[in-house]
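Trainee: With the hints as constraints, model all of the structure from the sequences given.
Chains as they are written, first to last, in numbering that gives the first Met the number 0: chain A, 0 to 135; chain B, 0 to 135; chain C, 0 to 135; chain D, 0 to 135; chain E, 0 to 135; chain F, 0 to 135.
Calculated from the structure, these hints are not laboratory results. One should not assume that every hint holds.
Cβ-to-Cβ under 10 Å is the rule here; a few derived chain B residues that face chain D [claimed, not checked]:
| hint | residue |
| --- | --- |
| 1 | Arg88 |
| 2 | Gln111 |
| 3 | Arg114 |
| 4 | Glu119 |
| 5 | Phe127 |
Glycine included, each C-beta is placed from N, C-alpha and C at the ideal position.
6 protein chains.
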Amino acid sequence: MYSVSVRDHFMIAHSFSGEVFGPAQRLHGATYVVDVEFRRPSLDDDGIVVDIGRALDTVRAILADLNFRNLDEAPEFKGRNTTTEFLARVIFDRVAGAIRNGDLGDQARAVQSIRITLHESHVAWAAFEGLVNATS
Amino acid sequence: MYSVSVRDHFMIAHSFSGEVFGPAQRLHGATYVVDVEFRRPSLDDDGIVVDIGRALDTVRAILADLNFRNLDEAPEFKGRNTTTEFLARVIFDRVAGAIRNGDLGDQARAVQSIRITLHESHVAWAAFEGLVNATS
Amino acid sequence: MYSVSVRDHFMIAHSFSGEVFGPAQRLHGATYVVDVEFRRPSLDDDGIVVDIGRALDTVRAILADLNFRNLDEAPEFKGRNTTTEFLARVIFDRVAGAIRNGDLGDQARAVQSIRITLHESHVAWAAFEGLVNATS
Amino acid sequence: MYSVSVRDHFMIAHSFSGEVFGPAQRLHGATYVVDVEFRRPSLDDDGIVVDIGRALDTVRAILADLNFRNLDEAPEFKGRNTTTEFLARVIFDRVAGAIRNGDLGDQARAVQSIRITLHESHVAWAAFEGLVNATS
Amino acid sequence: MYSVSVRDHFMIAHSFSGEVFGPAQRLHGATYVVDVEFRRPSLDDDGIVVDIGRALDTVRAILADLNFRNLDEAPEFKGRNTTTEFLARVIFDRVAGAIRNGDLGDQARAVQSIRITLHESHVAWAAFEGLVNATS
Amino acid sequence: MYSVSVRDHFMIAHSFSGEVFGPAQRLHGATYVVDVEFRRPSLDDDGIVVDIGRALDTVRAILADLNFRNLDEAPEFKGRNTTTEFLARVIFDRVAGAIRNGDLGDQARAVQSIRITLHESHVAWAAFEGLVNATS
Numbered sequence: 000m001y002s003v004s005v006r007d008h009f010m011i012a013h014s015f016s017g018e019v020f021g022p023a024q025r026l027h028g029a030t031y032v033v034d035v036e037f038r039r040p041s042l043d044d045d046g047i048v049v050d051i052g053r054a055l056d057t058v059r060a061i062l063a064d065l066n067f068r069n070l071d072e073a074p075e076f077k078g079r080n081t082t083t084e085f086l087a088r089v090i091f092d093r094v095a096g097a098i099r100n101g102d103l104g105d106q107a108r109a110v111q112s113i114r115i116t117l118h119e120s121h122v123a124w125a126a127f128e129g130l131v132n133a134t135s
Numbered sequence: 000m001y002s003v004s005v006r007d008h009f010m011i012a013h014s015f016s017g018e019v020f021g022p023a024q025r026l027h028g029a030t031y032v033v034d035v036e037f038r039r040p041s042l043d044d045d046g047i048v049v050d051i052g053r054a055l056d057t058v059r060a061i062l063a064d065l066n067f068r069n070l071d072e073a074p075e076f077k078g079r080n081t082t083t084e085f086l087a088r089v090i091f092d093r094v095a096g097a098i099r100n101g102d103l104g105d106q107a108r109a110v111q112s113i114r115i116t117l118h119e120s121h122v123a124w125a126a127f128e129g130l131v132n133a134t135s
Numbered sequence: 000m001y002s003v004s005v006r007d008h009f010m011i012a013h014s015f016s017g018e019v020f021g022p023a024q025r026l027h028g029a030t031y032v033v034d035v036e037f038r039r040p041s042l043d044d045d046g047i048v049v050d051i052g053r054a055l056d057t058v059r060a061i062l063a064d065l066n067f068r069n070l071d072e073a074p075e076f077k078g079r080n081t082t083t084e085f086l087a088r089v090i091f092d093r094v095a096g097a098i099r100n101g102d103l104g105d106q107a108r109a110v111q112s113i114r115i116t117l118h119e120s121h122v123a124w125a126a127f128e129g130l131v132n133a134t135s
Numbered sequence: 000m001y002s003v004s005v006r007d008h009f010m011i012a013h014s015f016s017g018e019v020f021g022p023a024q025r026l027h028g029a030t031y032v033v034d035v036e037f038r039r040p041s042l043d044d045d046g047i048v049v050d051i052g053r054a055l056d057t058v059r060a061i062l063a064d065l066n067f068r069n070l071d072e073a074p075e076f077k078g079r080n081t082t083t084e085f086l087a088r089v090i091f092d093r094v095a096g097a098i099r100n101g102d103l104g105d106q107a108r109a110v111q112s113i114r115i116t117l118h119e120s121h122v123a124w125a126a127f128e129g130l131v132n133a134t135s
Numbered sequence: 000m001y002s003v004s005v006r007d008h009f010m011i012a013h014s015f016s017g018e019v020f021g022p023a024q025r026l027h028g029a030t031y032v033v034d035v036e037f038r039r040p041s042l043d044d045d046g047i048v049v050d051i052g053r054a055l056d057t058v059r060a061i062l063a064d065l066n067f068r069n070l071d072e073a074p075e076f077k078g079r080n081t082t083t084e085f086l087a088r089v090i091f092d093r094v095a096g097a098i099r100n101g102d103l104g105d106q107a108r109a110v111q112s113i114r115i116t117l118h119e120s121h122v123a124w125a126a127f128e129g130l131v132n133a134t135s
Numbered sequence: 000m001y002s003v004s005v006r007d008h009f010m011i012a013h014s015f016s017g018e019v020f021g022p023a024q025r026l027h028g029a030t031y032v033v034d035v036e037f038r039r040p041s042l043d044d045d046g047i048v049v050d051i052g053r054a055l056d057t058v059r060a061i062l063a064d065l066n067f068r069n070l071d072e073a074p075e076f077k078g079r080n081t082t083t084e085f086l087a088r089v090i091f092d093r094v095a096g097a098i099r100n101g102d103l104g105d106q107a108r109a110v111q112s113i114r115i116t117l118h119e120s121h122v123a124w125a126a127f128e129g130l131v132n133a134t135s
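Mentor: Quick look at the structure:
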């Protein structure tokens with residue numbers, strides 16, 4: 000299996016609901032350094048998994064929609080805890096959608112699975128991985 | 000598949016038995032930076048894999064039992080080479096046990112598999128991964 | 000010159016005032032990974048710059064006061080942009096004060112200068128350094 | 000599953016063929032920081048996956064054959080784009096061959112799969128993983 | 000002293016002249032991960048050293064001029080070994096010039112000194128630092 | 000000021016004397032990842048600070064003398080706490096001596112100052128820096 004990974008980041012405010020979160024129930028924030036790994040069993044005609052430049056552009060566009068926001072006020076996350084692992088899944092769905100839409104080029108539709116990792120500090124990170132088609 | 004990872008470290012002395020180890024047959028030591036990855040197919044009611052704070056506390060307690068020791072004198076490792084990969088398995092067994100015991104909370108019992116990575120330097124690391132139940 | 004450095008982190012929400020900040024004028028947040036470097040020209044009687052455990056405890060206590068907060072509502076920062084470099088100075092003043100107060104032990108009063116670095120992402124960080132006494 | 004990983008690097012010049020590569024069609028170069036992960040289900044008699052020293056030596060020898068070269072003039076890559084993911088596969092084939100040849104010792108023949116990761120910058124990396132025998 | 004640092008990278012081909020370089024006399028290449036540190040004794044009216052976004056844009060523009068090139072054919076480096084430390088100085092001169100030209104804004108003219116670090120691998124890096132005005 | 004830095008590591012056992020060290024009074028160990036920074040105001044005739052390959056070889060030879068040892072039994076450290084900062088100084092003295100001896104080549108005698116950093120974990124490191132001649 001081949002893979003290509005790219006890295007970018009975004010910065011948000013949010014708070015969590017539930018006793019388990021302790022002081023993180025207060026409004027606070029995070030920088031998420033995001034790694035997106037694209038996997039496929041064989042390379043395309045150009046000898047690549049995806050074009051790294053195009054992958055970086057696609058990821059930047061997806062993160063720009065989240066960047067510099069208070070996620071507590073985001074209608075799409077209403078009633079949800081926007082935890083690191085939850086956000087990994089949100090970004091997974093959007094990157095998978097971009098691949099299916101051809102935003103990374105026709106050949107990138109052969110990407111089989113992706114893994115999204117969000118680093119929230121030097122001691123904690125979370126990830127979601129799954130198939131690009133029929134994600135579950 | 001979702002995952003959450005946390006990082007901590009411990010520092011020990013030990014020596015190895017066997018020609019393959021060359022100068023590492025002498026008493027020496029290591030800092031192990033430890034990454035523990037918890038994996039499960041769906042999030043719990045709070046939207047998490049495990050509580051990161053509780054995960055860090057559990058890992059710290061498990062590493063405290065190894066920290067600042069000469070492993071050559073540890074009765075539990077008698078006759079064994081406490082290599083990086085061996086220690087990854089030791090910590091795996093203890094973290095898996097803690098999950099089964101409910102030390103990370105009831106909901107964390109749904110963690111399916113874990114991966115323990117021990118970084119021994121900037122150029123070498125080792126890992127053990129397996130299922131939390133029926134580890135083999 | 001000798002130095003010892005320790006690392007910890009904190010997570011906050013805030014917003015900035017001023018056109019230069021663009022979208023960062025909106026309420027957002029950050030994880031700051033904090034490095035504190037202690038410098039002195041000679042070691043103490045135990046052969047150390049400062050005790051690393053005590054240094055980690057002191058830094059943790061100082062960061063706990065900032066952690067999981069919305070800095071826009073912090074009375075002590077009213078009317079100020081809590082930029083990365085500004086916060087580096089805030090933490091500098093508090094660590095310098097802790098040294099002068101003897102929180103790191105009597106021998107640590109010989110620490111001459113400190114440097115505080117706040118990493119806000121994998122592509123940006125800021126620092127403040129100065130003398131422990133007569134900071135300016 | 001156990002694993003041991005080692006890191007080394009090599010530096011090459013090359014250019015790419017195909018519009019998708021944009022300015023990378025010009026002769027340029029890269030440092031590749033290479034991680035080689037060796038995996039097997041159980042440890043050998045010495046309690047290891049592979050000897051880390053021997054693994055580092057084997058990887059260094061394999062990378063030495065690529066290091067400080069212009070890959071555009073390498074006969075073995077004629078007509079191919081030597082992308083990061085392509086080179087990960089090249090190194091995979093050579094490390095797998097070395098294992099099968101016994102270069103890492105007899106016991107290392109039990110290594111089941113390997114993963115080669117090439118970091119080309121702080122924001123992009125690629126990998127190839129597969130079985131040591133019957134690689135496809 | 001306050002500082003702000005930003006990171007970017009570029010990828011080039013080159014060769015060196017002189018026996019000391021051994022196999023690096025052959026045409027090869029490198030990825031340089033570049034850190035640019037801006038230092039000044041006090042913050043500007045917005046509470047910053049320089050605007051991080053603008054700093055990243057300026058550095059990207061300067062590196063774009065070097066990126067994806069064979070430096071052996073660059074007229075401006077004719078007869079010079081484009082070593083890591085030499086390139087750190089080249090970038091220093093260009094960033095210092097950009098500051099003096101006001102490319103980072105009027106307030107950024109108060110930046111006193113800068114430090115350019117080029118990481119060429121996980122085991123080697125080089126830097127040049129100096130004053131923005133009267134560089135020597 | 001120009002600088003070139005190289006990285007290597009060594010692994011030792013030791014214990015500390017003094018209540019301040021708490022559990023580190025027991026025999027334990029550490030991996031030290033060592034960065035050696037060489038500084039000089041101008042480049043040599045080849046356009047370098049020091050030859051990176053030769054610097055790596057020199058540092059490896061110096062660390063080999065400490066590697067895989069129990070420092071409690073090292074006659075040269077009798078009665079001393081071999082703390083991270085103390086060891087940074089030990090290595091400083093040896094690298095400075097190597098420069099003065101011409102081990103890095105005649106032109107490297109122009110190196111003015113060096114800085115030795117020992118990383119003992121992901122959250123703690125220590126350093127010693129000083130002039131190559133007239134070190135104090």
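Trainee: If any of the earlier hints don't hold here, list their numbers in rising order.
Mentor: 2
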